[in-house]
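Asker: If you're matching them up, the sequences are chains A and B in order.
So in our numbering, spot 19 of the first sequence is number 19, and the numbers just go up one at a time.
So in our numbering, spot 21 of the second sequence is number 179, and the numbers just go up one at a time.
One thing to keep in mind: the hints can contain errors.
To be verified - Listed next, the in silico DSS-like pairs over lysine-lysine satisfying Cα-Cα at most 25 Å (straight line):
hint, chain 1, residue 1, chain 2, residue 2
1, A, Lys32, B, Lys208
2, B, Lys208, B, Lys241
3, A, Lys32, B, Lys195
Please keep in mind that the hints were generated in silico from the structure rather than gathered at the bench.
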Amino acid sequence: MSQIHVQTTINGDETEFLCDAEETLLDALRDKLGLTGAKEGCGTGDCGACSVTVDGRLVCSCLVLGAEAHGREITTIEGMANGEELHPLQQKFLDHAALQCGICTPGFLVAAKALLDRNPNPTETEVRYWLAGNLCRCTGYDKIIRAVMDTAAEMRGA
Amino acid sequence: MRFEAPTTVEAAVSLLAAETGMARVLAGGTDLLVQMKSGMAEPDLVVDIKRIDAMHEITPEDGGFRIGAAVPGIALGEHEGVKAAWPGVVEGTELIGSTQIQGRATMVGNLCNCSPAADSVPAMAAAGAIARVAGPDGSRDVPVEEIAAGPGKSNLAKGEMVDSVFLPARPANAGDAYLRFIPRTEMDIAVVGCGVNLVLDGDGTCSEARVALGAVAARVFLVPEAAEALVGTKVDDAALDALAAACSAAATPIDDKRGTVEFRKKVAGVLARRAATIARDRAKGSA
Ligand SMILES: Cc1cc2nc3c(=O)[nH]c(=O)nc-3n(C[C@H](O)[C@H](O)[C@H](O)COP(=O)(O)OP(=O)(O)OC[C@H]3O[C@@H](n4cnc5c(N)ncnc54)[C@H](O)[C@@H]3O)c2cc1C
Ligand code: FES
Ligand code: FES
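The following block holds chain A by itself, in its conformation from the complex:
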C-alpha cells in the first residue's frame, strides 16, 4: 500500500512526511520527524502525555491520524520555549518541582498553555478540571496545579 504524503505546519515550520493510513500523528511526530517530546503513555486518550494542538485545539495526538494533519497547524512541546528561553510555564514547573520522572510533563505543559491562552485568570477548580485528562503517577498533582496558578499570576502581572 502506498504511503500518504502529508504537508503540514509544525511549530510554525512547513514540514512534510510520508505515513501509512493507520499511523497516528503521535507516531509520525516521534518516528518520522524526531519530535519525541510528546509521549505515548496509554495510546487510548486517557493520559494526555501525547497532547498537542491542531489548529489551536488541544487534542491527544495518539487519537489523530497522521494523514489528518495535512494542511493543519500543529504545535508541540518543542515549540514552547523561545530558543534557549523557557516559557514561563516551563520555568515554574522547575521552580515548583512539578515533575519527577517527567513523562507526563510535556503533555501537562501543552495542555496548561492551551488553558492560559484562553483564560489567563483561571480558578484552581478550572485548572484541575482542564487538566483532568493529564495523568501523573509521580507528583500527586498539587505541585503542578501550584505551578500553573503561579504562572498565570505572573503572566497577568507581566
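Based on these hints, arrange chain B with the ligands on the given structure of chain A.
Answerer: Same frame as chain A, but now just chain B with the ligands:
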C-alpha cells in the same frame, strides 16, 4: 486500509457506498481510533468528514439549530445560542472525556458509536433531536433514539452517514438537563444517564415533557410513562416521585463491575428526579 478525506457529503457517501469491505466514517476518532488500535474495528476504508466545510457549522434553522457532524464538543460549548436554548444537550456533550477529548469528540460520533452509555444521546433524545442521514438515495430524517440498533450497532444502511443533528426551536418557559452517575468526578463511563426536557405553561404547569435514560438498556430510550408523570403537574414532589418510579421501572440494566441491576434501577429514578428539578428551574428562569 485506505484513508480518504472528501470535501463534499456526496463524495463521502459515494466512497462509503462503493467500498466492498468495511467502511467507517472518521469524525473526532476518539472511539474509532481506540477501536482500531485494539483490533475491535479493522476498516478497509476510513472516510474523514472533517474536510467537508458544512460539517463544521452550527446553523440557525426554523428557530432551532442544525449542528454539523464534525462539530467537536468544545465548539458546541462555545456556542452561546445553543447553550442558552439547550443547556442539557450541551452539558451532556461536555461530559464526554477530557479537554483533549473535547477538542475532537463530536455529538454525532457519540450517537453513531451506539454505546448505550453515550452521554450526549439521552439529552438529545429528550430534546427531540432529529438526525439527518445522507445516503446514496438522498437524505432522510431520523429521530436520534432510532439511530442505534444495539450496543455498537447502528440502523444506518450501507453508504449512509449522519450529516447533522437538528435541535428544534424552544417555546417560552422551557428547560432541559442531563445528569449521569459515575463513581469518579471526571473521565468515566456513565453507570446511569438521564435527560429531561420540559415545557411549562404560564402558571407553571408542565405542558410537555420528554424523558430519556442511558446505560440501563441495550440502547438509549425514551420513557413515555415518566413524561406522563410530569405533564399536567407543577413538577412538585408528588410528580417527581411518580417520575422516579416510572424511570426505575422502565430501566432494564445488566449487572456489571460498574453497577448492579438493583443499584442502576434505583439511580435511574434518583437522577430523573434531580434532572427534572434542574429542567423545571431552568424553565422558570431561576437556574
Ligand atoms: C479518554 C476517553 C474518554 C471518553 N469519555 C466519554 C464519556 O465520558 N462519555 C461518552 O459518552 N463517551 C466518552 N468517550 C467516547 C467518545 O469520546 C465519544 O463517544 C465521542 O463522542 C465520539 O465522537 P467522535 O467524533 O470522536 O467519533 P468517532 O470516533 O470519529 O466515531 C465513532 C463511531 O461513529 C461513527 N461515525 C462518526 N461520525 C459518523 C457520521 N457522521 N455518520 C455515521 N457514522 C459516524 C464512526 O465510524 C465510528 O464507528 C470517551 C473516549 C475516550 C478516548
Ligand atoms: S498516549 Fe495519548 S492519551 Fe495517553
Ligand atoms: S512526573 Fe512522572 S508521571 Fe508525572
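Asker: Next, verify each hint and record whether it holds.
Answerer: Verification of the supplied hints:
no.	hint	result
1	A/Lys32 <-> B/Lys208	24 Å, holds
2	B/Lys208 <-> B/Lys241	23 Å, holds
3	A/Lys32 <-> B/Lys195	19 Å, holds
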